[in-house]
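Visitor: Per our numbering, the sequence shown starts with residue 1, numbered consecutively.
None of these hints come from the bench; they were simulated from the model.
Don't take each hint at face value.
Claimed, not checked - Here are the simulated DSS-like cross-link-like pairs (lysine-lysine), alpha carbons at most 25 Å apart as the crow flies:
| hint | residue 1 | residue 2 |
| --- | --- | --- |
| 1 | Lys302 | Lys358 |
| 2 | Lys219 | Lys302 |
| 3 | Lys77 | Lys204 |
| 4 | Lys15 | Lys77 |
| 5 | Lys80 | Lys129 |
| 6 | Lys176 | Lys204 |
| 7 | Lys15 | Lys123 |
| 8 | Lys219 | Lys129 |
| 9 | Lys204 | Lys147 |
| 10 | Lys77 | Lys123 |
| 11 | Lys205 | Lys176 |
| 12 | Lys123 | Lys205 |
| 13 | Lys317 | Lys219 |
| 14 | Lys218 | Lys204 |
| 15 | Lys218 | Lys80 |
| 16 | Lys219 | Lys80 |
| 17 | Lys176 | Lys218 |
| 18 | Lys176 | Lys147 |
| 19 | Lys204 | Lys219 |
| 20 | Lys205 | Lys129 |
| 21 | Lys123 | Lys147 |
| 22 | Lys80 | Lys215 |
| 23 | Lys205 | Lys218 |
| 24 | Lys176 | Lys129 |
| 25 | Lys205 | Lys219 |
| 26 | Lys80 | Lys15 |
| 27 | Lys77 | Lys129 |
| 28 | Lys215 | Lys147 |
| 29 | Lys302 | Lys77 |
| 30 | Lys129 | Lys147 |
| 31 | Lys204 | Lys215 |
| 32 | Lys15 | Lys129 |
| 33 | Lys77 | Lys218 |
| 34 | Lys358 | Lys205 |
| 35 | Lys176 | Lys219 |
Just so we're clear, the structure is a prediction, and the values are computed from it rather than from any experiment.
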Amino acid sequence: MIYMDHNATTTMHPKVGHLIMDIMSETGNGSATHCAGQRAAMHIERAREQIAAAVNTRPAQVIFTSCATESINTILKTFKGERILASTAEHAAILDCGHAEMENVPVTPDGIIDLDALESSLKREPHAKLLNIIMVNNETGVINPVKEAVALAHQYGTLVHVDAVQALGKTPVDFKDLGADYMSLSSHKFGGPQGVGCFIFASKKPVRPLLVGGKQEKKQRAGTSNTAGIAGMGLAAEIATSNIARYDELSSWRGDLETQISNALDGITINGENASRVGNTSSLTCRGITNTVQMLSLDLEKICVSGGSACSSGVAKPSHVLTAMGLNENDALATIRISMGWNTTRDDVDNFISQYIKIITRLRT
């Protein structure tokens, strides 16, 4: 199998798996005061420290959740009823959140938030209470000018939530340097287990808990903590940030992939290619062949890619990210996402290139 869908979920690091199995053999609730509970709490607090170190913040500002979607919902619920901004290329967890009505800010043809349009929205009264901005787009890999957007928002008294789900481990993430007020992360995007996430909030910024009924996570998220999963997330963050240079190599391989496919086949477009992108992701449009046909044909050869976001790739409709960038419906529906991970090999890339060219050539004859 050639797995090229790491933006959907990446392979768990073996060290993380071993740690999780060890902790799962232990007994203890981190809320209990006895020695077993204290040991569980120790694992959780160690992970909190690891996450904080990975994004340059204080451990007290890290709140664990079940996933990034829960984290995002918590932040948006905090501002329910207020004026909230979000770019048109945000993840569906932002745009479809039932806790808030979004006012959209357009993106450029390369998928970057339009800072002039953002300022126009920020100027309008009543001033927005929150801006949501995705740091790395999950479909295209495009990196947004987050620091500039944060500075602009703060000029108008607007707080900023940064969706850094696809960023950690692929590009430097510095909560303090960005000046963000909130940030969301997801464990399984950087080598940790599924079912664990967290959000980070700056000191004295409001948080309205989504889940109530307990005092866990500093009273910000009720419910018994997933000790093993949280510990795995912490270790995965530590490993991912220490191996970030790996994505420079993946960027070189991605360049070879895009060049060779574009040279061999007509009607190929790389979406966001003129923008700054993380090294592992390619959004590739192959005109005239739907992404469903492409994905099924690749899957028959045991090659895994997606048609866009993993949260919507089972739905045959054009990507809102791509249409926001100006693609027509047919081109958006002819686009696949190729995403490499920490354990992708050069052989994987070369085999994908040759198989993809062979498959598309066959489909067009």
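Visitor: Now look at each hint and say whether the structure bears it out.
Guide: Verification of the supplied hints:
| no. | hint | in the structure |
| --- | --- | --- |
| 1 | Lys302 / Lys358 | holds (14 Å) |
| 2 | Lys219 / Lys302 | violated (46 Å) |
| 3 | Lys77 / Lys204 | holds (17 Å) |
| 4 | Lys15 / Lys77 | violated (36 Å) |
| 5 | Lys80 / Lys129 | holds (10 Å) |
| 6 | Lys176 / Lys204 | holds (14 Å) |
| 7 | Lys15 / Lys123 | violated (49 Å) |
| 8 | Lys219 / Lys129 | holds (23 Å) |
| 9 | Lys204 / Lys147 | holds (20 Å) |
| 10 | Lys77 / Lys123 | holds (23 Å) |
| 11 | Lys205 / Lys176 | holds (14 Å) |
| 12 | Lys123 / Lys205 | holds (22 Å) |
| 13 | Lys317 / Lys219 | violated (40 Å) |
| 14 | Lys218 / Lys204 | holds (13 Å) |
| 15 | Lys218 / Lys80 | holds (22 Å) |
| 16 | Lys219 / Lys80 | holds (19 Å) |
| 17 | Lys176 / Lys218 | holds (21 Å) |
| 18 | Lys176 / Lys147 | holds (10 Å) |
| 19 | Lys204 / Lys219 | holds (14 Å) |
| 20 | Lys205 / Lys129 | holds (12 Å) |
| 21 | Lys123 / Lys147 | holds (18 Å) |
| 22 | Lys80 / Lys215 | holds (23 Å) |
| 23 | Lys205 / Lys218 | holds (14 Å) |
| 24 | Lys176 / Lys129 | holds (20 Å) |
| 25 | Lys205 / Lys219 | holds (14 Å) |
| 26 | Lys80 / Lys15 | violated (40 Å) |
| 27 | Lys77 / Lys129 | holds (12 Å) |
| 28 | Lys215 / Lys147 | violated (34 Å) |
| 29 | Lys302 / Lys77 | violated (41 Å) |
| 30 | Lys129 / Lys147 | holds (18 Å) |
| 31 | Lys204 / Lys215 | holds (18 Å) |
| 32 | Lys15 / Lys129 | violated (41 Å) |
| 33 | Lys77 / Lys218 | holds (18 Å) |
| 34 | Lys358 / Lys205 | violated (54 Å) |
| 35 | Lys176 / Lys219 | holds (23 Å) |
Checked against the numbered hints listed earlier, the structure breaks hints 2, 4, 7, 13, 26, 28, 29, 32 and 34; every other hint is satisfied.
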